[in-house]
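K.L.:
Going down the list, the sequences are from chains A and B. If you read the first sequence in my numbering, its first letter stands for residue 1, the second for the next number, and so on. If you read the second sequence in my numbering, its first letter stands for residue 1, the second for the next number, and so on.
Rather than coming from a laboratory, the hints here were simulated on the basis of the structure. Any given hint could turn out to be false.
25 Å max Cα-Cα, derived PhoX-like pairs, lysine-lysine [what the hints assert, rightly or not]: (1) A:Lys128 - A:Lys167; (2) B:Lys246 - A:Lys188; (3) A:Lys115 - B:Lys31; (4) A:Lys37 - A:Lys53; (5) A:Lys65 - A:Lys41; (6) A:Lys115 - B:Lys41; (7) B:Lys167 - A:Lys32.
Non-contacting residues of chain B with respect to chain A, defined by C-beta distances greater than 12 Å in every case (computed) [unchecked claim]: (8) Ile28; (9) Arg131; (10) Tyr242.
For clarity, every value in this text was computed on a predicted model and none was experimentally measured. We put the beta carbon where it would ideally sit given N, CA and C, even for glycine.
There are 2 protein chains.
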Amino acid sequence: MVAVPLNIFLLQEAIDELEWSAQDERTIHLKKVLRAKDGEKVDFGVINGPRGKGLLEWRSRGAVKISFDWDAPHVSDLLPLCLFVGLSRPQTCRKIIEQAASLGVAEIIFFQADKGEPSYGESSLWHKEWRHLLIKGAQQAFSCHLPRCLKVDGFEQARAVSGVNPKFSLALDIYEADACISTIKQRKDEPIHLAIGPERGWSAKERECMRGYGFMLCHMGPRVLRVETALVAAVGAISSAYWSGKGWAMR
Amino acid sequence: MVAVPLNIFLLQEAIDELEWSAQDERTIHLKKVLRAKDGEKVDFGVINGPRGKGLLEWRSRGAVKISFDWDAPHVSDLLPLCLFVGLSRPQTCRKIIEQAASLGVAEIIFFQADKGEPSYGESSLWHKEWRHLLIKGAQQAFSCHLPRCLKVDGFEQARAVSGVNPKFSLALDIYEADACISTIKQRKDEPIHLAIGPERGWSAKERECMRGYGFMLCHMGPRVLRVETALVAAVGAISSAYWSGKGWAMR
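Sequences are here, hints too, so could you generate the full structure?
P.N.:
Encoded structure:
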């Protein structure tokens, strides 16, 4: 398997320098995948902080010393979008966390949906791995900004803990949708709550609760999509409307 | 690992009946995952043909006999969208084929891009597996319609073999994009060519060639996405505009 070069290394804090041993997987990545030379500068970032460059100095026995030069902190590039995701199988949630972190949503709040399996919340994913997946997704995206990621008991709680104050509240629902997601959403750059069901969909009670909170049920066409595919496609529809609304252009 | 229930079984031809042995993985799926009883009717379809119901009759020793009742052939639900995808790592192409088949694009044409690895085209994926992944994606989507999928030598050839006659030709390009995909695309239900580069992006020659053919270079925001994530997000942006343009509503 060919390793994909890391776009940026993210650190916890803006330190001045560090040393990684020859056995550290990041040292191995610098050497084997990036083939970084002595004196080379590599992209680094601080989680929810600045980007910068790391100047490499290869030491004896394969260790590497890195000295940092940090830029001014840059503005968050996260979308004002909170995803409420019905807890799905752990392998599905893994793909969701990494891809949603790459796409740069502000929040991912998993909740126990009525038609989900309670055991899904007990996976080892929810110990430390979820955090590594967030970092992996942001590193892929060449961004320092990580979504806030939480796991809560039910939809009401998910909605209560969100820090996104929405202008639109949407729920994907292929069975009872009122309209297509892009008819409802239009091309505005306003904060959104987007709820996505677990594999077996919403219960009648959840639909009633969501409608009570003003959620519009919307579809993405007639095809039945896996949770992770529907999520990435919906975020694509929302984010492209967002970036065109911002008039964001390339450097 | 919990198996996901199949939404529809696709067959090659509209036969009247068949028998599957107890060892057949489809029989096992009917029994273990769908828990289908004797006399039950299950969703079946014919590839690029009609949907229908299969009446199950459990035989001695665990085999199953199925008698079919086919509907009239239904109109294709494929998007008039042809994807030109720079050949990427086989595990990436697997995800692309299955997800693009679920999302229902009309064509997926892989080509050897200048910055791709020639060895990617020699993977076992390109013997029979690609076809199984197309079927798997369509079955997930509860559709009988499979994208046309081809692998060719280069971008010019990919363009020449496409059966989609485009109104828009777009190429994802985070480095030299003119505008956001949804600014260019607007919400129209017209045929599209969409080119997506390999992991290391386009060469200057490919960009020149695409511009010569009237392709607009577009972005999906500032974040660097994996090929498969960018592809699903872009198809999401295009398909949601398509379905809202068609005024397609739920049953």
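K.L.:
A separate judgement is required for each hint: does it hold in the structure or not?
P.N.:
Here's how the hints hold up against the structure:
This hinted pair does not check out: A:Lys128 and A:Lys167 have alpha carbons roughly 33 Å apart, beyond 25 Å. Under the criterion of a C-alpha separation no larger than 25 Å, the hint pairing B:Lys246 with A:Lys188 is consistent with the structure, at around 21 Å. Pair hint A:Lys115 plus B:Lys31 holds up; C-alpha atoms about 22 Å apart against a cutoff of 25 Å. For the given pair, A:Lys37 sits about 14 Å from A:Lys53 by alpha-carbon distance, which is consistent with the 25 Å threshold.
Among the hinted pairs, A:Lys65 with A:Lys41 is consistent with the structure: their alpha-carbon atoms are about 12 Å apart, no more than 25 Å. With a C-alpha separation of about 23 Å, the suggested pair A:Lys115 and B:Lys41 falls inside the 25 Å cut-off, and the hint holds. A threshold of 25 Å between alpha carbons decides the hint, and for B:Lys167 with A:Lys32 the separation of about 45 Å lies outside it, so the pair is violated. Taking the minimum C-beta to C-beta distance to chain A, about 20 Å, the non-interface status of B:Ile28 holds against the 12 Å cut.
Non-interface status of B:Arg131 relative to chain A is upheld: no Cβ of that chain comes within 12 Å, the nearest being about 19 Å off. Not every CB of chain A is more than 12 Å from the CB of B:Tyr242 (nearest about 7 Å), against its label as outside the interface.
In the structure shown, a violation is registered for the earlier hints numbered 1, 7 and 10, in ascending order.
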